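For the sequence shown, the positions run 1467 to 1636 when this note's numbering is used.
If you're looking for bench data, these hints aren't it; they were derived computationally from the structure.
Among the hints, a few may not be true.
What the hints assert, rightly or not - List of simulated lysine-lysine pairs, DSS-like, C-alpha gap at most 25 Å:
no. : residue 1 : residue 2
1   : Lys1508   : Lys1493
2   : Lys1493   : Lys1624
3   : Lys1493   : Lys1510
4   : Lys1503   : Lys1522
5   : Lys1503   : Lys1493
6   : Lys1522   : Lys1508
Since we're looking at a predicted model, the values are computed, not measured.
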Amino acid sequence: MDANNEIRLRLRFYKDVNENIASVRQKFEQFKLTNSKDYHLKTKHNHIWINMPESKREYWSPHLHLELEAKENNETHIRGLFGPDPTLWTLFMFLHFMVAGIFVIFSAIAYSDYVLKQPTAMDLIVMLLMVIVWFLLYFIARQIRFQGNGQMNELEAKFLEILELKEPTL
């Protein structure tokens, strides 16, 4: 999968491993104990988060969230999700809700003005601007993801190294 041609902003992958969940978790716990300065690793139940080290972290740095699921025959299904810094993601979601809210409010005002036979040009201009801002937010998010591609590949390589696998998933 080519990350640059993907429409989704949060890239996903799936991996099946011929080990049970406990042994997969143990590999990550062992890595956390021995290489704590290289990458920031958090584990909770069947969820694992891998972040870039503080020395390499930028505002656009991605993190990798892994969810471990048990399968039959002592196997583990791993769902991986790359995402931006949670603070940056929250900011973008807030901006999206603001844009959507302004769009809905001005569409209601435009409808009222239309029914009352008042001019609707200004309302339609604001609605058009909100659509433009929404597309602008999308392309800014794509640019941020593009800047984080190198670190995303580093996180994936570290994930494969911890699991002692060789082939890339992206």
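Hints versus structure:
1. Lys1508 / Lys1493: Roughly 13 Å separates the two Cα atoms, so the pair holds.
2. Lys1493 / Lys1624: holds (12 Å)
3. Lys1493 / Lys1510: Since the Cα atoms of Lys1493 and Lys1510 sit roughly 14 Å apart, the hinted pair holds (cutoff 25 Å).
4. Lys1503 / Lys1522: Judged against 25 Å, a Cα distance of about 11 Å means the pair holds.
5. Lys1503 / Lys1493: holds (16 Å)
6. Lys1522 / Lys1508: Holds, at about 18 Å.
Violation of the numbered hints given earlier is absent; every hint is satisfied by the structure.
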